Amino acid sequence: MAFPGPIARLIEELNRLPGVGPKSAQRLAFHLLGRPAEEARRLAEAILAARERVRRCEVCCDWTDAPVCRVCSDPRRDATKICVVESPKDVAALERTGRYDGLYHVLHGAISPLSGVGPGDVTIGRLLERLRAGGVQELILATDPDVDGEATALYLKDVVAPLGVRVTRLARGLPEGGDLDFADELTIARALEGRREL
Amino acid sequence: MATYKAEALVLDSRPFGEADRLVALLAMDGRRIRAVARGARRPESRLAAAVQPFVLGRYLLWRGRSLDGVSQAEIVEPFVRLRADGPRIAAASYVAELALAFAGDDESPGLGPLVCLAFRELASGDGELPAERRDRVLCATEAGLLSAAGYRPNLEACVVCGRAPAGEGRPAGGFLPSEGGVVCADCQARAGEGTVLALGGEALAVLRRLFAGEEAGASPFARLARLRISPRAQAEVEAALRAHLGYVLQATPKSAAFLDILSASGKARREGGDGLGRAREGRPRPPADGRELP
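Residue numbers (our numbering), protein chains in the order written: chain A, 1 to 198; chain B, 199 to 492.
Read the hints as simulated data drawn from the structure, not as lab findings.
If you're wondering where the values come from, they're calculated on a predicted model, not measured in any experiment.
Using N, Cα and C, we set each Cβ at its ideal position, and we do this for glycine too.
Heads up, a few of these hints could be off.
Distance ranges between label pairs, derived from CB positions [stated by the list, open to error]:
| id | chain 1 | residue 1 | chain 2 | residue 2 | range |
| --- | --- | --- | --- | --- | --- |
| 1 | B | R350 | A | A161 | 39 to 49 Å |
| 2 | A | R195 | B | D303 | 40 to 50 Å |
| 3 | A | R99 | B | E275 | 32 to 42 Å |
If you want the footprint, here are the derived chain A segments under chain B, 3+ residues with CB under 8 Å [said to hold, decoys possible]:
| id | stretch |
| --- | --- |
| 4 | 70-84 |
| 5 | 180-187 |
Away from chain A, derived, C-beta distances all over 10 Å, residues of chain B [what the hints assert, rightly or not]:
| id | residue |
| --- | --- |
| 6 | G237 |
| 7 | Q250 |
| 8 | S269 |
| 9 | A455 |
Next up, chain A with everything else stripped away, as it sits in the complex:
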């Protein structure tokens, strides 16, 4: 069925969003049309404001509404440690633990040979600039525990080696609360490799 122009355009734009198919786009569009105009305006303004005001932090490349993000500008953070993550969502996940007091570096992706994403397509160049500037003693690689995350971590380990910075990787193994007999061979092998003294 052909919808009137503005509705069709709204559906088309919503359909471009990740995870939103044609049916979901229609449902969202009709939901918005059924709400007060003020609500739709607030949503539109929030999207525009985020798009116009949010940029990458000049230091760590995380999303921020200032030239330097709140983590990088916090003098209480330990500037000798940088934790490398794939996306800003990972920064939020690590911050929720309340156990890390160092700085971050957001790659905005991971090296993915099968997808044709190389080192030049993520923010590795900016990371190397930070490391060359000095002062960093430990680089914590917190890329995802999958093949792309591993390729990124191994590549970083190699390119950082000449700079004399200690490189560590987040531990991998059994999830909290899981049963050992339900774990797969790969996870148990990683957990055995990463075992530590009690």
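Use these hints to put chain B onto chain A, whose structure you have.
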């Protein structure tokens, strides 16, 4: 819901939706299966490890209208060492991408075991994968895939004039990718610059050995491992194979770029540099009009 079982290698695995993965499997009978693994990106998922690239597993799949789905999975061989260093990941990704390009909906006997064997070769040995070993495994894999798909190059007679390409006092000619075979020195001179790749007598012998087929016994990996090959001949063999692949597939494997970067940085480190000043160069690339594999 109809289900079926397959022993298969995971050749590609990409994030899909909120927490799912879209996987490309190569069944041991050579069929390509695309399936969704629901929730496989959640740490507690029982499918998470089994749908990682390069894993050999037994899968229970359900048939969907557009996409099949992974219902259960059991790891047979995780090929953990393929994730141990960058060169192994890059080489295994290249093999996986090529295998996916050759696989289809129909059975292709020999394809699954060949890729499995390539993964075993790349995973074997301690320490970082030596460049020479990696290049030989990749050449053998390329030759095996081309043979299995029926794209064996013509290595016996000049593809232009039909005479023997070299020998009996005549200099070796070259390799003409657009014609899928070797050319003699006389025809090479007439073909024009840039269209013919250099291919000396040693490289031609290596290529013939690689494509010798079942009658030569052993796998292409074993046949190549026994040969002594000069660096120049190795480079010529690589260039000819990749050019031939480029014309067959009409595309450039995306993973070749990462392979090139690691080759260049590894070479720089071996020559005393720090490996940081890498360039996108290294192994010859297929002349495939810049198109990449989907």
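When the hints from earlier in the document are held up against this structure, which numbers fail? 4, 7 and 9
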